Structures are given as structure tokens and as C-alpha cells.
Amino acid sequence: MVDVLLITFLITLFYMAIANRLLTYIRVLAFQGVLLFAVVFIQLQEISTLNLVLILLETIIFKSLAVPIFLTYVLKRNKITREAEPFFPNFVSLIITTFIVVVTILLSNSIKDTHLDKIFFVVALSTLFFGLYIIASRRKIITHVMGYMVIENGVFVLSLAVGNEMPMLVNLGIMLDIFASVLILGIFLNKIGDVFKDVDVSQLTSLKDY
Amino acid sequence: MILVYLILGFLIGIGLFINRNKTINNGLLVLFLMLQAVFTVYSCYRINVTELEYFTFDSLGIILLLTLSVIAIPSVIHSGIYIVKHNESAQSRGVYFSALVVLIISIGAGYLANHIAVTWIFTELTTLCASVLIYHHRNKLALEGTWKYVFICAISITFVFIGILFLSLSLEHAGSGDLTFKNLYENSKNLNPFWLRLAFLFIFTGFTAKLGLVPMFTAGIDAKDLAPAPAGALLASVLMSLGFVGIFRMYIVIANTPLHHWANLVIGIAAFLSLFVATVYMIKVKNIKRMLAYSGIEHMGLVMLGVAAGGVGYYAAVLHVVLHAFVKSSIFFQYNQLHRVFQSKSIYHVGNYFKYNATGAMVLLIGFISATAMPPSGLFVSEFLIFKALFEAHHIFILILVLLLLTMIIWAFGKNIFKILFISVVDFDDSNVPVISPWESVSQFVLLAAAIYLGLNPPAEFVQLINDSISLLPR
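First to last, the protein sequences are chains C and B.
For the first sequence, position 50 matches number 50 in the numbering used here, and the numbering has no gaps at all.
Plus 210 on top of the position in the second sequence (first one is 1) and you've got the numbering used here.
These are calculated hints, taken from the structure and not from any lab test.
What you are looking at is a predicted structure, and each value in this text was computed from that prediction instead of being measured.
For every residue, glycine included, the Cβ atom is placed at its ideal position computed from N, Cα and C.
Worth double-checking, as some hints may not be accurate.
As the list claims (entries may be wrong) - Derived Cβ-Cβ restraints for the label pairs, each shown as a range: (1) B:Val652 x C:Val53: 53 to 61 Å; (2) B:Trp621 x C:Phe99: 43 to 51 Å; (3) B:Thr233 x C:Lys191: 27 to 35 Å; (4) B:Trp621 x C:Thr8: 37 to 45 Å.
What the hints assert, rightly or not - Computed cross-link-like contacts, DSS-like style, restricted to lysine-lysine with a CA-CA straight-line distance of at most 25 Å: (5) C:Lys191 x C:Lys140; (6) C:Lys191 x B:Lys350; (7) C:Lys208 x B:Lys625; (8) B:Lys295 x B:Lys555; (9) B:Lys358 x C:Lys76; (10) C:Lys140 x B:Lys358; (11) C:Lys112 x B:Lys295; (12) B:Lys358 x C:Lys79; (13) B:Lys399 x B:Lys494.
The following block holds chain B by itself, in its conformation from the complex (with noise of 0.2 Å):
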């Protein structure tokens, strides 16, 4: 099936760059979401089964993997409004598409992918079609980027690879040569510690580009900022996800083996260092998509550090994966309809949004107070688990640093949310704004509820598959 997946998906993505009829593209989109929903269904009834030798249907993999179809549909159709508004050619509609859909794709191959190196192929090509979407608008801005992502992820990919090599010294140890996480896991006691330790700092620092930690987080910020915002939902919320798959499986090897004190003490302090530096820019920063990106910047950190404390923490870190992406992806898709009131990114233009489009000016409220993880926000539930397990972790110091970290955070996104939705803009002429139907914020309300009912209420099959996804961890 996932072969039936693979070849259905790219054939559509390139019938989607090569048509230029308006009816087709959408017919093309259509029948993709209806696959992967279809894909998404069958993988749900075949956990732990292995096809095509690299894929394996596991939990982490098929968790993710529905909140990637979630998010795609409502990506599509804001991007089906987004190419209305702006007037797109028929050209630039395909190749927008089709970049589209085969990073979906190729995202979700990447998931559930069982072999380190079929992960890394996949988070190539995710990268070749977000710098496509990135330079959606061609103009300079974009193409600086597009440039920054480019280099900076190819040089992020040149490290896992290294990682990769290393990795494979290390098995050589243990008598094997078989690369899949599952292998590795069997064989997790006798792989090399020193090899195991250059290979999970390259693996690690190359993935911090997709997942947006210290050091590799620059590119992520420009990207999100300049692809157009539903192709920045998919970028801030499930590529994200896809960076956290490819170090959450290396850390489940290595947390067998007795290096995993060390791998905590090296995500704690990248995590640590992620928060702060979200801090930093959160407090300065005046470009609307840049903020939103520094927060996803900020829960990735959170999420980290709930990896590293362990105990709960590794329950809370996947579930706040999950409910990130919700949110984030909701309050990207909202954007657009900001911008087409303000048409600015700058919160100087930008105001009193409550007067112009009430419905969207609840969906940013909800986001916000979802965001920054306030009761009843399913993120803070997750975020409240995470404390809690640093706590019982001991890391009393790093708890009360993160909380402080975290109350700026609030003050800085507050201020310029409330800044959007109330305070009306001086010499800001209204005679031009369109008017916004409410039925476009629907997707984001749905999606927002779903990040509180996961969050507060999470029926009995998510949990059973959040557990399994972290039963390999030590305890």
C-alpha cells in the first residue's frame, strides 16, 4: 500500500506541475487529500506491520502521520484561497501545488520510515519542495531565504549523513551491518560509545534545522516567514514534526546504552539554550510570522527538555508535538486573512483587529491563550506534565529558569497580540478592507478544539499509542 501511496502521490504532484487547468489542479487536490486519508485509515489497522522492507506503521510513526493528514486539509484549501486572492498564474498555481504535495508526501514517508538512512532521503526532499515554496513570490526577499534554508539544510543534511557514517562504525562493533532503528535498538549494547557519541551529536545537530533548536534554527525562521502562510503551517508545524522523529528514534537507541545520561545532558542544554534564545527574539521582534515562528521555537525547546528529564516527560514531549502542530498550523492559516485586511507583516500596520474580523480576531485570541499555554489549551496540560517531570528529575534550578524564560515569553506574545486585536493603528485607512467570510475560519476553530480535547480528554487509543511510542525507553 505504501508503494501504491508513494508512486499515486508523486504522479499527482507532477500532474499537478505540469497542468495549467483550473478544474484539473483541483480535482488533482481532491483525489491527493481522498489518498491520503485512505492511506492514513489503512496504516491506522496496520500497526507494527512492515512494507516495502523500510516502513514500518509504528505508533510515533501513525500518530504523527494523522496529525499530518489533519493539518493537509485545511493547508490545501487556504492555499486554494491564497492563489485566488493573490491573482496566481496558472504556472505558478502548479508548481505551488505540486511542491505542496509531494512535501506532504514526503513528510509523512519520513514518519514512518524504519531506517535511518530512508529518513535522512526523505528529509531531503523536504527540503528541495519547501525551498520551491519559499520562493514562492520570486522576488529578493525570497530568494535570500530560499538561499539561507538552501544552504543551511544542505549543510544540516551533510551532518546527519556524517552521523550516519559514524553510526555504521559503531555497528560494526556490534557485528552488524542492518541500519534500521530496530536493528539498532537490538543491538544498542554493543555499539561502539565513542562512535555512538560523534554519531548522535552530528545526528542531532543536523535534525535541529527541521525541528528548529540551537544551533541549526535561523533557517526555519526565514523559511516560515517567507513561504506563503498555509505552506508556513505545514513548515512550523509537521516539518517540525519530521525533526523530532529522526532525533527521537536515534535517542531511543541511545538512551539503551549507558551514554544516555550524556545525550540527555547534550538536548538538555540545546533545549535550554533554544528557550532562551525564543526569549530573546520574542521580546524584539515587530514581523507578525517571524514571532509565531519563534514561539514554534520555543514549544520545541519545552518539548526537549521534556525529553531530557524523562520519566513523564517523554509521554508530555509527544503529546506537546502534537498539539503544537494544531495550534501552530492553525494560527498560520489565520494569518493570511490578517494580511489581506493590514496587507503588512509589521505589528506597527497592523490593529484593532476585533473591528475588521471579529470571527478571525477570536480564532487569534484562542490561539494565542492555546499558544502560550494557558488553561483550557491542551498545550498546557502537556506543558504542565513537562514541568512536572523536570521537577521529579531534580532540575529544581532549570525548572525555575524555564518558568521565567516562559513569563517573558507570554508578556512579549501578549503584548503583541493584544497590540493586533484591540489597539487601533494611527493614520490606518479602512475605506479598502475586504470583508472576510467567517466560514474561513472554521478549519482553524476545529483544530484548535481538537489541540483542547487531545489535551484535556484524550481518548483511550491516542494515549495506548503515545505509550507505545515511548515503551522502548528506559523508565
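Isolated chain C, as found in the complex (with noise of 0.2 Å):
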């Protein structure tokens, strides 16, 4: 059943690779953070009550919900057009991913290691490398955000595979997550959104060296 889900999870980068639409994206964001959830339900079987409830919150209440819903906002608030503008045509996206994919299987299978899950490490792999893929192919601030929203859950989904040993792992992998994305998202995006009307990283080209 993690199988089936991880693999879920995994199909999800393919579509994210060639959604056209930034709403998409918050979508497939959203449905992330549920998927996570269910993983963590099914994963971790020695869970004390509070240490769920802190996942749950983490993952249901702050990936699948705040996050989108304050993304959306964003997008409404400050007008952003609605395509993701990326470098790349959609195609070379789905290759490279899959590219990332495959690359990161090849990279699993060459581990001997009972310890691990291989799954779970190829998913964390691929969604951390896809996550920098992201940042890298696309022009908009918001997508770089959520670029690196992925590689969030890449790094959950990495935690939850050494967390059934150190508990103590996811914990601050959440609180990671939950301090770095309302840094970014709460200050910064809000504010770069005001003063930066239409929100381009060609337009953050201002500190130069000479």
C-alpha cells in the first residue's frame, strides 16, 4: 500500500513537469501533502498520539491547506498570469524527469543496504532533484517557491524512511519545513509581491559587482 502511494506521489512530479497552469500546481502541492499523510498513517506503526497529531498538523493542516490557500491568494492578490512560463518546452521537461527518475533507480539499485527502503529513497531522490529542477526551468519567483515546496516533501518522504529509528529525525524535519516556508512565503513573497509588481527574476538582477 506505501508502494502504491509512493508511486502516486511519484506520478505526481510527471504531471507537475507539464502542468501549464500555476493553479495546477498548487493542486498537485496539495494533493502531495494528503498522500504524505496517508504514507506517514501506514508508515510509522510505534507513534505516540502526540508525535501523530503533530504530522497530521504538519502534513494535512500545513502542506495540503495553508500552503495552497495562501498560494492562491498570492496569485489572485498580486495578479500573477496564470502560465508557468517555462524555459523549456513542456516535452524536454517530461524527458528530463524522467531522466531524474531513472537515474536515481540506477543510483538505488547500486546500494546494498537492509537498513533502507529502497522506495522511499528513490522518491525522495527524485523529488528532491525534480524540486531543483523546478527552480531552475522556471521564470516566476512563485514557482521557484514552490519548486522548493517539492523539495520539502522530498525531504518528508526522506525522513519518514530512517523514522520509524529516530522519530526525533521527522520532527525537525517539520519543523524545518513549517520555519523555512513561513519565512519565505509569509515575509518575503508578500512583500516581494508589493514592491515588485510583476514578480520575475529578471527583474531581481539589480546587485551587481561592477
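Since each chain comes alone in its own frame, lean on the hints to assemble the complex.
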């Protein structure tokens, strides 16, 4: 069951690679939050109630509700055009995503380790690199933030892979997630929207060395 | 005691944030500096004692904590001058000082943390405070700089976290779940090399954002450029040391495994590339603050080269970190007075500084001599030892390249500094130049003198502390 959920998670990445509209990105992010919660619920058996509540807050409330609602609000308020404006055509994006996934599968096959569930490793690493790819290949600042959220989801999956032995690390991951997201989203995306009217990375080039 | 320090420190931070009264503001700052001093003295008498489970007063932590406490005093004083000269509102003053105080506390706690996750948490906190300081002016440029800093730091913090996850996987093979540096070191023979390799790569990459090495150095440059100079002094000195602590403690673990040579290679490549990048930008750069920031990149590259070379390089690296912190912060403190005279950051609009502020110009001159490691600068000693370490490790070719790059850096740095000091600017209207009191330069002279003294004639206790902090490394 966990495998099915994780593979669904991987498929959402492919969907995101070819999505055109920013709203689709937001919906995919929300869906990923739900998937993550399901994975946690099945995966971590020996979990205290307090911890479960924390993870529930993190995945459902934070990842699937708060962040998407806030991103939608930013989209509307700053009247950001709905296109994602990638630098590459979708077809190329799809190929690159496939390439990332294949490479991580090959990499994980070379690991001989009984402590690690390989599918977690593959999904986590692919998500991580895919997030970096999204950041590098999209034009708008808001898509950079979404790329960062995807990276955070990847890290969350990775922390689940080691979470049965060390629940402290899962909690730390949650802390990182909330801290960084609030910092990035809450303060700066808001401010950036006010100051730079059309939120595009090409406007962030006035800091120069000469 | 550390609990008292943290709680009181954060309370002072909150107090500064809420308070709008100038007298109370100054009182709280004095209280904080006293707290910092008492805590530092206390920690010197508690060497290798663990408090609160996650903090150990080890030698490396104490050396850097001493540096931090020394630099914190002029930083607060110059911040006060800065705020007064800019006629800042009570609110903006409160936010600034509260961020400054919390930044100092979290850097200090990060130095002393003996658990990699705790170091990581306090590194996160420094990002938050630093971003408040960078955004101090609330204009478009500051926003751009803050955004880049926050984004890159967030990604690098995530990288460190991934590294910690891999490290825990590696540690499972040793049958342990305790991520303290001590336990990691004791189990270093049993760590799984594959996961350790990945862990080191991620942790190293993550901490380079604070340390200022390739690949994540860009964030720090913007930060030091846009933060007010007294805060920039902290970012350019003690915050970089925090990155050093993170990498160095991890390096001690990996140096005791068969991966030692590989780790040296990784660090060496990053360090050499940093030197190269610093050279390229130093030649091009026209913004004085950014030039100073790139000089920091150069020095951290040298430090990591010393670590990679091994032998006497370890000693030189720690010494260089401390001395660099003193020298670089003093130049940053001086920068504000320069800016008050010329009202510009650009090399083109600044010149003949000796005419307007002779004392300040002396600071810049001595600072330049110190930063480029010419005798009698203390950095000369540490750089010389780093070169010696490279020579002894038979990296002659790298040594020659490094020396070439350093020559270019000295040329570029010198060209700009002498322009600032001696060559007058065309059509500069000097009728409104403010008179700057020589007293404002005293702290810089003290810091520069400390750097010279510690380099040329280090006290036995200081040498002992450095030797203790590198004692776990293989000879």
C-alpha cells in the first residue's frame, strides 16, 4: 500500500513537469500533502499520539491547506498570470524528469543496504532533484517557491525512511519545513509581491558587482 | 548556566523588540553585553563540561565564543552610532537591535552545540535574524538581497538536514542512534562509508552558504553588501566561523575514517574554486562592501585549503578563522564612517580619504595590510603556515597557483584601497563633509592590534586551546 502511494507521489511529479497553469501546481502540492499523510499513517506504527497529531498538522493542515490557500491568495492579489512560463518546452521537461527518476533508480540499485527501503530513497531523491529542476527552469518567483515546497516534500519522504528508528528526525524535518516556509512565504513573497509588481526573476538583477 | 544565558538573551531580544524608549534600549544592550561577557568568562572555566545535554564548552567553541564576545561589543556600539546618524525610528531601532542580539546568541549557541542537529537549529535561527538585518532599509535592493539570502539559505539548510538524515543511516550500521559529535567520532570506524560520503557532501554543501565557499557563497555576498555595516561585520566574521564550526566538526568525524583522503579532495576543490572566484570578482568589483565580502571568500578558501592539506594546516586554519574575524570586522566597522563622508558605496565616488578622516584612513590602511597578510599582520603567520602545510603535503603545483591568485587579489585590493585613500575624486563637493571623531576608530585599532598580537606572539593558553581543538584529527 505504501508502495502504491509513493508511486502515485512520483506520478504527480510527472504531472507537474508538464502542467501549464500555476493553479495546477498548487493543487498538485496539496495532493502531495494528502499522500504524505497516508504514507505516514501506514508507515510509522510505533508512533505516539502526540507525534501523530504533529504530523497530521504538518501534512494535512500545513501542506495541503495552509500553503495552497496562501499561494492562491498571493496569485490572486498580485494578479500573477496563470502560465508557468518555463524556459523549456513541456516535452523537454518530461524527458528531464524521466531522466532524473531513471538515474535515481539506477543509483539506488547500486546500494546494498538492508536498513533502507529503496522505494523511499528513489522517491525522495527524485523529488529533491525535480524540485531543483523546477527552480532552475521556471521564470516566476512563485514557481521557485513551489519548487522549494517540492524539495521539502522530498525531504519529508526521506525523513520517513529513517523515521522508524529516529522519530526525532521527523520532528526536526517538520520544524524545518514550517520555519522555512513561513519565512519564505509569509514575509517575503508577500513583500516581494508589493514591491515588484510583476513577480519575475528577471527583475531581481539589480545587485551587481560592477 | 547556558540555559540562563539563552533564556535571558532571548528575553532581552524580546524586550528590545517591544521597547520604544531610548534609555531602556541602551540599558538592555549594556545588560546583554554584560551577560555575554559573564557567560564567556564562565565558559572559560568550564572546559569540556557538558551542560543541558546538548552544549559542551569544548576548545573550538570557547575560542570562537571569545572572538564573538570581543566583536559583539564594537558591533553594538557602532550599531548605536549608525542608528543615531540615520535618524532611525524607535520601531526600526528596536527590530534592528533585537535581531542583532538574537543573532549573537544563536551564533554563540551554535558554536557550543555538541549535537549536529542542535548546530543545525541554531544555524537556521541565524538565517532568520540575518534576514531581518539585511532587510533593515526596507527598499527594493534590500528586498532583493534578502530574498536571495533567504532562499539560498533555506535550500542549504535543507541540504544540511538531508546530510543529517544520511548520517543517521550511516550511524545505524554502527548500532547507535546518538548524533552527538562525540559519539560520531567514537563510532567513526563503524560508520557505513557510502552513507557517510553522501552525508558529508550534503552537510558540506549546506554549510558553505554560511562559510562562504563555492558553491553557495553568493547569498553571503549580497547579505554583507546590504546589511548595515556593523551588522555586516558580524555576518562577515563570526557568522562565517559558524559555518566553519559545522564543517570542521563533521570533518573531524570523517578524517578518522578511510574516507579522509576523499574528504580532503572535496574540500580542496571547493576551496581552490573559491579562491579562483574571489580573484575574478575582486578584479572586477566596484562596490567597496562587496569587495570586502569577496576578500572574505578568499580567506575562507585559504582556511579550507589548510584543512585539506593537513598537518600544521589544521592549526593554521583555526588561527586564520579567528584572526580573519578580527581584521574583517574592523574594516567593516570603519566602512560606515567612510560612507558618511562620501555617501556612496562605489569606488568611483570615493577617494582621498586621508584628507577627510586621517584616523579612519589609518584603520583602512592597516586593515588592508592585515587582510592581505603582509607582515606584521597576524594573518601573515597563519597564511604562511597554510602554505607550509601545502608544501609539506607535496601540493606544490596547487601552492604555485594559489600564490599567483593571491598576488592578483593583493593587486586588485591594493589598487582599490589606495584609490580610496589617496586619489581625489573629480567633482566631489567636500563642503558638507562631516567631521568624524577619532574615538570612533578606537575599537578598530584594538581589533587590528589583537589580530597582530595573537598572530605574532600567541599566549600559551590560546595555543593550547587551538591544539586541543584539533587533537582529535589524525596526524
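Discussion item. Please check whether Thr233 (chain B) and Lys191 (chain C) have a Cβ separation lying inside 27 to 35 Å.
Written reply: About 32 Å separates the Cβ atoms of Thr233 (chain B) and Lys191 (chain C), which means 27 to 35 Å holds.
Discussion item. Checking one constraint from the list: CA of Lys191 (chain C) to CA of Lys350 (chain B), max 25 Å. Satisfied?
Written reply: Roughly 10 Å between the alpha carbons, so the hint for Lys191 (chain C) and Lys350 (chain B) holds.
Worksheet item: Within a Cα-Cα threshold of 25 Å, do Lys208 (chain C) and Lys625 (chain B) meet the stated pairing?
Response: Holds, because 20 Å separates the two Cα atoms, which is no more than 25 Å.
Discussion item. Between the alpha carbons of Lys358 (chain B) and Lys79 (chain C), is the straight-line distance 25 Å or under?
Written reply: 22 Å, holds
Worksheet item: Does 53 to 61 Å hold as the CB distance between Val652 (chain B) and Val53 (chain C), or does it fail?
Response: 56 Å, holds
Item to complete: Given the hint that Lys140 (chain C) pairs with Lys358 (chain B), test it: the Cα-Cα distance must not exceed 25 Å.
Response: 14 Å, holds
Discussion item. Lys191 (chain C) and Lys140 (chain C) were given as a pair; does the straight-line alpha-carbon distance stay at or below 25 Å?
Written reply: Judged against 25 Å, a Cα distance of about 15 Å means the pair holds.
Worksheet item: Is it true that the CA of Lys295 (chain B) sits at most 25 Å from the CA of Lys555 (chain B)?
Response: The hint holds at about 17 Å.
Worksheet entry | Given pair status - Lys76 (chain C), Lys358 (chain B), alpha carbons within 25 Å | 24 Å, holds
Worksheet item: Is it true that the CA of Lys399 (chain B) sits at most 25 Å from the CA of Lys494 (chain B)?
Response: 47 Å, violated
Practice prompt. Could you see if the CB distance from Trp621 (chain B) to Phe99 (chain C) stays within 43 to 51 Å?
Written response: 45 Å, holds
Worksheet item: Does the alpha-carbon distance linking Lys112 (chain C) and Lys295 (chain B) stay inside the 25 Å limit?
Response: 63 Å, violated
Checked against the numbered hints given earlier, this structure breaks hints 4, 11, 13; the rest are met.
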